[in-house]
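*Asks:* Quick note: the sequence shown uses the working numbering, first residue 1, plus one each step.
Hints were generated in silico from the structure; no laboratory data involved.
Here are the simulated distance ranges between beta carbons:
hint : residue 1 : residue 2 : range
1    : Glu1      : Asp81     : 21 to 31 Å
2    : Asp117    : Ser50     : 31 to 41 Å
3    : Lys88     : Ser50     : 25 to 35 Å
4    : Asp117    : Thr8      : 33 to 43 Å
5    : Pro73     : Pro4      : 27 to 37 Å
6    : Gly17     : Asp117    : 30 to 40 Å
7    : Pro89     : Pro15     : 20 to 30 Å
8    : Pro4      : Asp117    : 36 to 46 Å
Where a beta carbon is used, it is the ideal one built from N, C-alpha and C, also for glycine.
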Amino acid sequence: EFAPESGTLETREGPVGYARGGALLTGSEGERWPVPRASFDASYEPVAPSRHGKPGSYRKRPLILWAKPMAEPFAVTLDCDRGTLRGKPGDWLVQYGPDNLSVVSGSSFSDTYELLD
1 EFAPESGTLE
11 TREGPVGYAR
21 GGALLTGSEG
31 ERWPVPRASF
41 DASYEPVAPS
51 RHGKPGSYRK
61 RPLILWAKPM
71 AEPFAVTLDC
81 DRGTLRGKPG
91 DWLVQYGPDN
101 LSVVSGSSFS
111 DTYELLD
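With the hints as extra help, turn the sequences into a complete structure.
*Replies:* Rendered as structure tokens:
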């Protein structure tokens, strides 16, 4: 789904702001989070019969990233004043790129990411 107007989405890790046109995603456990439209277009591809830029099913393109399991509570401040994510022990700190950090729950991480040596 794409946001018809700007707003804030309450994620598991805290409220996150989004702009009009941003992608509002739903994960395998029903968790929801917003992704800025430019990042979404660069990182996700539609799953047939979905069409690019239209609501439907998408998958993340393969990407090598940095991830660290966290043993203590932690916080991540998102770029562009979109909000602050709060992680708990067992969650993962994930870096998708420079200045692009996120929090992923332990269960979601094991369901959706593959660890490389």
